[in-house]
Amino acid sequence: GAVVSQHPSWVICKSGTSVKIECRSLDFQATTMFWYRQFPKQSLMLMATSNEGSKATYEQGVEKDKFLINHASLTLSTLTVTSAHPEDSSFYICSAETGHTDTQYFGPGTRLTVL
Amino acid sequence: EDKVVQSPLSLVVHEGDTVTLNCSYEVTNFRSLLWYKQEKKAPTFLFMLTSSGIEKKSGRLSSILDKKELFSILNITATQTGDSAIYLCAVANYRMDSSYKLIFGSGTRLLVRP
Chain A
1 GAVVSQHPSW VICKSGTSVK IECRSLDFQA TTMFWYRQFP KQSLMLMATS NEGSKATYEQ
61 GVEKDKFLIN HASLTLSTLT VTSAHPEDSS FYICSAETGH TDTQYFGPGT RLTVL
Chain B
1 EDKVVQSPLS LVVHEGDTVT LNCSYEVTNF RSLLWYKQEK KAPTFLFMLT SSGIEKKSGR
61 LSSILDKKEL FSILNITATQ TGDSAIYLCA VANYRMDSSY KLIFGSGTRL LVRP
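Sequence lines, in order, name chains A and B. Taking this note's numbering, the leading residue of the first sequence gets 1, the next gets one more, and so forth. Taking this note's numbering, the leading residue of the second sequence gets 1, the next gets one more, and so forth.
Treat the hints as calculated values from the structure; they're not laboratory data. No experiment lies behind these values; they were computed from the predicted model shown. Beta carbons are placed, not taken as given, at the ideal position from N, Cα and C, and that holds for glycine. Do not rely on the hints blindly, as some may be mistaken.
As the list claims (entries may be wrong) - Every beta carbon over 12 Å from chain B, so not counted as near; a handful from chain A, in silico:
#1 K41
#2 G53
#3 F67
Stated by the list, open to error - For lysine-lysine, the following DSS-like pairs were computed, each having C-alpha atoms within a straight-line distance of at most 30 Å:
#4 B:K101 with A:K66
#5 B:K101 with A:K64
#6 A:K66 with B:K40
#7 A:K64 with B:K41
This is chain A alone, in the form it adopts within the complex:
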């Protein structure tokens, strides 16, 4: 149980384009989903917390207009990287919680490369 999927697993795009990443909880309903970014050999950094039906809460230093988050249902949250630039290249991981504990279940991640 508690499986989280992400799509796509990797994406390469040109500078200036937008990329959408989907995060789905497959066997449970997730009232809260989280989006993280991980640079090589570094730990996970929380970007934003996404609650179903409401606006996402962004961490300090994360541009909300650049990283658009939508949490339209209890099983789906999307992250759109708008006007991507090479410095946005990173590993993006989502997680979801069941709401009963602090345990977050992570998706497999999406590796974004911006040329």
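Assemble the complex: chain A is given as a structure, and chain B must be docked to it using the hints.
Chain B in isolation, oriented as in the chain A frame:
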């Protein structure tokens, strides 16, 4: 500033050895401490600890929390090559709106040689 520090940063052992990974934290409004194992992609959940002195155990892995000294350890006995991974420690802290966030350490990279 809230921080979670893991040590060692990396560790190389031989199969059968026992390892101890450390996690210390300075976090306001502590809520819980979690251990994850990250292999190639997503971290997988190992343990969540909320109370001091109560050991959590799963097979060859065990973990304990000391809320007075602000640290946790993760023990792996009789290590196997499949234990090779990055082990992440994260602390959940309460926020003003009663939500929480996970603050991750930089991880310990464990390599188990046959």
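Hints and how they fare:
Against chain B, the non-interface label of K41 of chain A is violated: not every CB pair exceeds 12 Å, the least being about 8 Å. Non-interface call for G53 of chain A relative to chain B: holds, since the shortest CB-CB distance, roughly 15 Å, exceeds 12 Å. With 12 Å as the threshold on Cβ separation, the claim that F67 of chain A sits away from chain B holds: the shortest Cβ distance comes to roughly 16 Å. In summary, the hint linking K101 of chain B to K66 of chain A is supported, as the alpha carbons are separated by about 21 Å, within the 30 Å threshold.
Restraint check for K101 of chain B and K64 of chain A: satisfied, since their Cα atoms lie roughly 18 Å apart, inside the 30 Å limit. Between K66 of chain A and K40 of chain B, the direct Cα distance comes to roughly 27 Å. Compliance with the 30 Å bound is thereby established for this hinted pair. Between K64 of chain A and K41 of chain B the alpha-carbon distance is near 26 Å, which keeps this suggested pair within the 30 Å criterion.
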